[in-house]
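Undergrad: Chain order of the listed sequences is A and B.
If you read the first sequence in the working numbering, its first letter stands for residue 93, the second for the next number, and so on.
If you read the second sequence in the working numbering, its first letter stands for residue 2, the second for the next number, and so on.
Each statement offered as a hint is correct.
Covered, in the sense of this in silico footprint (three residues per stretch, anywhere, with C-beta under 8 Å from a C-beta of chain B), are these stretches of chain A:
{"no.": "1", "region": "324-336"}
{"no.": "2", "region": "386-395"}
To give an idea of the chain A side of the interface with chain B (calculated C-beta under 7 Å), a few residues:
{"no.": "3", "residue": "HIS176"}
{"no.": "4", "residue": "ARG341"}
{"no.": "5", "residue": "ARG342"}
{"no.": "6", "residue": "TYR345"}
{"no.": "7", "residue": "PHE366"}
{"no.": "8", "residue": "ALA373"}
{"no.": "9", "residue": "ALA377"}
{"no.": "10", "residue": "THR398"}
{"no.": "11", "residue": "LEU399"}
{"no.": "12", "residue": "ASN402"}
{"no.": "13", "residue": "THR405"}
{"no.": "14", "residue": "PRO407"}
It should be emphasised that the hints constitute simulated quantities derived from the structure, not laboratory data.
We treat Cβ as the ideally placed atom computed from N, Cα and C, and that holds for glycine.
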Amino acid sequence: MALSGLDIYKLLPKTNCRECGFVTCLAFAMQLVKRQALPEKCPYLSEQAKSALDAASRPPIKLVVIGEGEDKLEIGNETVMFRHEEKFHHPTGLGFIIEDGLSSEEILKTVNKINALSFERIGCLLRPNLIAIKQNGDASVFAAAVKLVKEHTNLGLVLISKDASAQRSALEIAACGKPLIYGLDKNNLEAFTKLAVEFKVPLVVSLQDLSELSAVAGKLIAQGVEDLILDTGNKNIAEKIWDLTQIRRRGLYRSERSLGFPTIVTIEDSADRFDPILEAATYIAKYAGVVLIKANEPWQALSLLTLRQNIYTDPQRPLQVESKLYPIGNTSDKSPVLITTNFSLSYYTVLGEVEASKIPAYIMTIDTEGMSVLTAWAAEKFTPESISAAIDKYGLKEQVCHKQLVIPGYVAVMSGKLEDACGWQVAVGPKEASGIPSFLKNLQL
Amino acid sequence: MAELVYQKWSGKINETIIGAGPLSIKIGAEEGLPFLFKEGKIPNQPRIAFEVWDIAPADWPDELAGQYKDVFNNPLEWAGKCVQEYQAQAICLRLQGAHPDFGNKSAEEEARLIKDLLKALDVPLIILGCGDDNKDNEVLPVCSQAASGKRCLIGSAVGDNYRTLAVAVLADGHSIIAESPIDINIAKQLNILISDMGIPLERIVINPTIGALGYGLEYAYSIMERARLAALAGDKMMAMPFICFVGQETWRAKEAKAGEKEFPQWGPEAERGVAWESVTAVALLQAGADLLVMRHPKAIDCVRKYIEVSFKDNI
Ligand code: SF4
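Only chain A is shown next, with the shape it has when bound in the complex (with noise of 0.2 Å):
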């Protein structure tokens, strides 16, 4: 529970020494509260303010870590139920299943299929995150596929099985690398939780009980292991939305130690192909920090980053590109002009339109704050007068020999205001960016 100003003051030593570099012991209290300053500064704090001090400056909901280097996966410290009270931190995990007992080959190729997994959307590079080794036959056979994976892939890896042993050897390998070890239920608590420790490696507890698995939780925080990931095993869309929703409010609004933990959700393999795609869908929505499935074609995997990259926008700040004048391709001073806002989606939606008319032409965005056009122009972003100040800003005079400018179709109405405000003729574009294409190569300079 995050304490007031006052709570904090109260557990300082209150003879206002200045030693922390504040005058009183009020003003330093105060700077706690804002996370402006470290407790360690007061050398006078007893052991008890100091674990409550700890206590209240613990997040929530615990990061973790999986694998290392720059792939390393962050998950955890969210603070919000909803993306709107603030924003949704770090985005959910996403990693593909790969069976063991797959020859090497078949390994090799679904391995090099995952690491191809990489789309550019709105700027942003959307990737995959993990590798997840299951194990089907002896611990030699798990070993040997997580040595081949692990020499084949960056992206951070999951080793799923209940066998210790099993779990010891691909350790032995690939614990430099941080992977997550994944198979802890009742019956090898000890086992696992001792590879926890000695590896320094997260960990997955799985029990389907919400109280039990706060309990055993609990009960490896008592012996320090504090990488933990959640999870309560395979159930039908709806339990499974109640229980990431539970874990969720009962480390934010409980303060509940035990579940304060981000959360994985194993996806069901399934014959259709579709289906597991959906099931992913809903936990990247609902709360899971990392979601395993074996669906790895392109387009299953694109349309599930696609999704994790808008749940974990930031809802205040939308994306936005810097606002210029952007030559595509080969320019030249004939080239026509197109104007649009720098919300990232508008300004990438009109230049993949201009990129595929082969059409070399100047993309200008005004600085809508990242509003999109309809948006900005209703809320007065978006307008003669700024449109007109970017045309001087940016020198367009200086870039093009003619005076003609297309503004999106949606702004049509502000066309004879621009002509006067800013002296240059005004063609009305498409009002979807699809259209662009065919509206430049008809377009009159």
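We have chain A already, so just place chain B with the ligand on it with the hints.
TA: Only chain B with the ligand this time, still in chain A's reference frame:
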């Protein structure tokens, strides 16, 4: 050890009935957040309507158009195919052909089509105008009258053009779609204006204006969550079910339309388009969608199965 956290809500979503016969559907009436069956009653499954046009759509991508090519030019057969072959629970007829740029069909022509459709169909009918305010104000009242007593859902009323439609819908016993541009305040204001015209609240359905997956989905997602939370907290002017035009938005998205030749790294378009439409739908269901208007039969089938599986043992 802490207990389960239940959230108690004082408000409840209105229940809207669409259709007059034995196959009429009920949407809304939730007493809690989507899919949290243990917290509040969710008596009605979200429903899916097949989108049918009065003219052959010119801009539907091949993968989609191909599903209906044998019936594309005949709305009666098209709707019939949706019901017989795909077990459609509702039909959403878009009167695109009334648009001055797309055929300019007369109000009488459209009303005749509505009459024929209602005679041929047992499932509920949703009727959409062509989007041209003047023409819609001419056509929709006549269509509304032609469907009098059939409890259709008709749209869309918007902030600066709702009166004509509201008057017709009220007189003929239908419900109305209130459309607002991804803005919770405008949505609420429009509901107030429409209810001031005398339309009971349970005959208003909100169209929050959605974006497809990758195209602003998250804006509608959060507006819907906010509206739903406000409604459950007791705001009666937000307590309407949501209708979401999933098909219309999805099939404009490049990722749903573009061929594999153009984007080999995206995989085959047949699956991609269906995935795009069904993932958009599922995400919106998570935000509280009650009625989805969709296009591809395979996507509709997937989402319907998803809803049925989730609701199994839960009602
Ligand atoms: S060092 Fe500690 S005791 Fe001294 S002023 Fe700062 S908070 Fe107070």
